[in-house]
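Student: This is what each chain is made of:
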Amino acid sequence: MAYSFPEEVLELVLSFLRSDRDRNAVSLVCWSWYEIERWCRHRLFIGNCYAVSPEIVIRRFPEVRAVEMKGKPHFADFNLVPEGWGGYVQPWIRAMAASYPSLEEIRLKRMVVTDESLDLIARSFKYFKVLVLSSCEGFTTDGLASIAANCRNLREIDLRESEVEDLSGHWLSHFPDNCTSLVSLNMSCLGSEVSFPALERLVGRCPSLRTLQLNRAVPLEKLPNLLHRAPQLVEFGTGAYSAEIRPDIYSNVAEAFSVCKQLRGLSGFWDVVPAYIPAMYSACAGITSLDLIYAAIQSPDLVKLISLCPRLQCLWVLDYIEDAGLEALAASCKDLQELRVFPSDPFEAEANVALTEQGLVSVSEGCPKLQSVLYFCRQMSNAALITIARNRPEMVRFRLCIIEPQAPDYLTLEPLDTGFGAIVENCKQLRRLSMSGLLTDRVFEYIGKHAKKLEMLSIAFAGDSDMGLDHVLSGCDSLRKLEIRDCPFGDKALLANAAKLETMRSLWMSSCLVSYGACKLLAQKMPRLNVEVIDERGHPNSRPETCPVEKLYIYRTVAGRRVDMPDFIWTMDKDAGNPEAFVSNGAVEMVGDA
Amino acid sequence: MEIGMNFKETELCLGLPGGGGDISKTSGKRGFAETVDLKLNLLHSDDSDLKENVDNSSSAAGEAVPLKDPVKPPAKAQVVGWPPVRSFRKNVMAKQKSEEATAAFVKVSMDGAPYLRKVDLRMYQSYKELSDALAKMFSSFTMGKYGSQGMIDFMNEGKLMDLLNSSEYVPSYEDKDGDWMLVGDVPWEMFVESCKRLRIMKGSEAIGLAPRAVEKCKSRC
Chain A
1 MAYSFPEEVL
11 ELVLSFLRSD
21 RDRNAVSLVC
31 WSWYEIERWC
41 RHRLFIGNCY
51 AVSPEIVIRR
61 FPEVRAVEMK
71 GKPHFADFNL
81 VPEGWGGYVQ
91 PWIRAMAASY
101 PSLEEIRLKR
111 MVVTDESLDL
121 IARSFKYFKV
131 LVLSSCEGFT
141 TDGLASIAAN
151 CRNLREIDLR
161 ESEVEDLSGH
171 WLSHFPDNCT
181 SLVSLNMSCL
191 GSEVSFPALE
201 RLVGRCPSLR
211 TLQLNRAVPL
221 EKLPNLLHRA
231 PQLVEFGTGA
241 YSAEIRPDIY
251 SNVAEAFSVC
261 KQLRGLSGFW
271 DVVPAYIPAM
281 YSACAGITSL
291 DLIYAAIQSP
301 DLVKLISLCP
311 RLQCLWVLDY
321 IEDAGLEALA
331 ASCKDLQELR
341 VFPSDPFEAE
351 ANVALTEQGL
361 VSVSEGCPKL
371 QSVLYFCRQM
381 SNAALITIAR
391 NRPEMVRFRL
401 CIIEPQAPDY
411 LTLEPLDTGF
421 GAIVENCKQL
431 RRLSMSGLLT
441 DRVFEYIGKH
451 AKKLEMLSIA
461 FAGDSDMGLD
471 HVLSGCDSLR
481 KLEIRDCPFG
491 DKALLANAAK
501 LETMRSLWMS
511 SCLVSYGACK
521 LLAQKMPRLN
531 VEVIDERGHP
541 NSRPETCPVE
551 KLYIYRTVAG
561 RRVDMPDFIW
571 TMDKDAGNPE
581 AFVSNGAVEM
591 VGDA
Chain B
1 MEIGMNFKET
11 ELCLGLPGGG
21 GDISKTSGKR
31 GFAETVDLKL
41 NLLHSDDSDL
51 KENVDNSSSA
61 AGEAVPLKDP
71 VKPPAKAQVV
81 GWPPVRSFRK
91 NVMAKQKSEE
101 ATAAFVKVSM
111 DGAPYLRKVD
121 LRMYQSYKEL
131 SDALAKMFSS
141 FTMGKYGSQG
151 MIDFMNEGKL
161 MDLLNSSEYV
171 PSYEDKDGDW
181 MLVGDVPWEM
191 FVESCKRLRI
201 MKGSEAIGLA
211 PRAVEKCKSR
221 C
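Protein sequence lines correspond, in order, to chains A and B.
The first sequence: position 44 = 44 (the UniProt record's numbering), numbered continuously.
The second sequence: position 154 = 154 (the UniProt record's numbering), numbered continuously.
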C-alpha cells in the first residue's frame, strides 16, 4: 500500500506535539516525517548555544517563531567562568534576522547580548513580542530603548538578573504612546531611576499588563499610583519598600494592594521597613508565590506574614526566617511546592541566625507537596537527610549548601554519604541534585546505583578518587549536566566513560585532577565533543602533559570547535593523526575498555 | 609517560588532599586541596611553602600557579565561588546592609593581560592591601616605586611626573562621575564608595589623567 497519509493531516497531528523530545522522536521515524516535522517546528530550545550553529539550525527549521537559548555554564553564576568566555548571541541574531522575519520570541540565559544585537532585533522582526534576558550581560539601557521604540507589538520584556549598564532611565520613555500591548515588564535588575510619569502612562495604557516588576529606585510612595492603574496585575514586584513612617503613606499603600484582587505573586521588597509589611496583608490570601530574597525581614514578622498566605506554593526567603519561621511555614502552607532559603551572611563562618537542619526537616514533614528545595545552612546531619528523604519521596529538585566546605554530620562527625544516599534512594523522581558537606566515594556509589532519573548533578569538595566519578558516569542513566569543582577526579574515570559524555549536554570540571594529556586523548577519541581547556596560567603546552588543567568544559556539538574563544581557552584537537596521542599502553587499554 | 596515574608527578603541580601524595581515606574531616584563589589570598603572606609546589619545568614558560598545600582556611579567606551565591544577588543584597562592610565588586583590567578579574574592594582596608592583591593577580604589576604607603605620592609632583613618564604600570579607576582618576588620590573609604572599575595602565598612558588628578588633588589639599 502506498504511503497515503496526507501531509496536511500529519502536520495537524504534529502541531499537538509541544515537547522537543516528542518532536525529535517523530522526526526519526522516516524521512518524510522528518521533513514534515521540521517545517512545522516553530519553537526551538537550544540548551547550549555552541552545540549547534545558526546555519545548521536555520537549514533544518525554516519556520521558527520562538527561540530559547543558553550560553555560559551554570558555574558562571559563581564567578568560576572567567570574563570573556563566550556565549555571544550576535551571530545568532544576525543569522535569524536574515532567515526568520516572523520571529516573535527570544529567550536567552547567561549570554552576552550587546546593544547592537538588541537594535538588530528591534529592526528585523516586525512581529517581535517577547524578550527574556535571564542573567545576561553586555548591553545598556540604550539597547532597551531601541526595543521599546521599534517593537510595535511588544508583549513581554523581562530582564531578570541581567547586568545592564544603566545609562539612563529614559529608555522607558521610548515606548510610543500607542503601545498598549505590554503584558509583562520586569526591570527589577536596573539601577537607575526611570521616568516615573512615563512608567505611569505606560502602565495605565496597557490593559493586559499582568506582570510588573519594578526596580529598587521606585519609591514606596509611588506604588499606589501604579497599582491603581493596573488593578488586574497578577505578579507584582515592588521597588524599595521603605518610607518615612506616615499614616497617609501607609493607608495609600494598603488601599492600593486591596484593589488588586488578582495578585498571585509578590517580589521586590528592597530595604523593607517592617512597619509597612502589614500594608500588603490584603493580598496574602491569594498569594501563591512570594520572593523575599532582598527583604531583610526578621523571623517574627515573617511568621506573621506567612501565616496569612495559606495558598503559598513557592517561597524564596533569606535565612532570617530561622527554624521557627519554617515551622510556621510548615503549619500554614500545605500547598507549598518550592522552598529556597538563601544565606543573609554567606561569608561568615559563625551562624548569624538560628537556622539549622531542623527548619528543613519541619517543612519536609508539614508540606506534603514539597518537591523543590534549595537550602543554605551551617549544619546538617545524616539523620535529618534520611528523615527528609523518607518524608518526601516525590522530591524532584534538591540542592543543599552547607556553608563550610566538607562539613561532616555535626552530630556524629561522619561523612554525609548515608544522608544523601537516602535522598537518591527514596526520591526516585529526583532530577536535580546539588550536594555539599563531607562526602566520600560512597555517596557516588549510591548515586550511581539509585539516581536513575537524575539529569543535573553539582558536586564540590567531595569524593576520594576516580571511583566517585566513575560511579556517576556509569550509573546515572539520565544524566545531562554534570558540574564538578575541587574534587580529586582525574583521567581514569573520564577516559573510561568517554562515550557517556556524548549522551550529555555538558561536563564542567574545575580544580580537579584531569591532566592535559587526558584532555587531548579524549578529544581525539570523541570527535563530536568539544573539549575546552580553560587555563589562566598560559598554554597547557608550557607545562607537562600530566599537569592537571585548571578548568575543563566538555560538551557535545555538531558545530565543530568554536571560533570565538579568548586567549585562555583551548579546544583540544580532534585530529587523531598525532602519534603522541597515545601516551602509554595503559592509556590505550583504558580507551579500549570504554 | 603515563597520564594522570602517577600522583607523585602531579604533586609538583597540585597540592593533593592530605599532602605527601597519598590519598588517605579518613572518616573525619581532612584537609582539602585548598583552592583559595591565591591571587586574592591576602592572608597567605608567607610564600615559602608555595615555592615548594612550583613545577620547575614550567617556570620557563612563566609563572605557574600552584594550588596550596592543604590547610584549613582561616575564617576570613574566601574560596572563589563558594558558597554558591550568585554574584548578582551578592552585590544587590550586600548594598542593603547599610552599616557594615558590604560587597563592592569592580572589574579590574590590566593593559596587555588577556583576561579581566573582579575584586571586592571591601575585602581590603587600605591601598596597600589592594596593591598587594593586584600584584598577586597580575604578575607584571608591582608597586615597588610607590613607597611604603603603597600608593602614589600625590604630594610630590616631581615624583608623580616621573612615574607617569615611565613605563611602570599605574592603577587608575573610573569614579561615579565617569572620570578616570589615578588610584590613591582620595581617602580609602571614599575611594571604595566611588570606584566603579579599575584599570592598570602604563604610566605614560596615564599622563592624560594626571593634570586632572593633580588638580583634583590640589583642590583637596
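These are calculated hints, taken from the structure and not from any lab test.
Since the model is a prediction, treat every value here as computed from it, not as a measurement.
The reader is advised that the hints may include incorrect statements.
Under 7 angstroms between C-beta atoms, here's a sample of chain B residues computed to sit facing chain A [stated by the list, open to error]:
| # | residue |
| --- | --- |
| 1 | Gly81 |
| 2 | Pro83 |
| 3 | Pro84 |
| 4 | Ser87 |
| 5 | Pro114 |
| 6 | Tyr115 |
Note that CB positions come from ideal geometry on N, CA and C, so glycine has one too.
Student: Confirm or reject each hint.
Tutor: Hint-by-hint comparison with the structure:
no.: 1; hint: Gly81; verdict: holds (4 angstroms)
no.: 2; hint: Pro83; verdict: holds (5 angstroms)
no.: 3; hint: Pro84; verdict: holds (5 angstroms)
no.: 4; hint: Ser87; verdict: holds (6 angstroms)
no.: 5; hint: Pro114; verdict: holds (4 angstroms)
no.: 6; hint: Tyr115; verdict: holds (5 angstroms)
No hint from the list above goes unmet by this structure.
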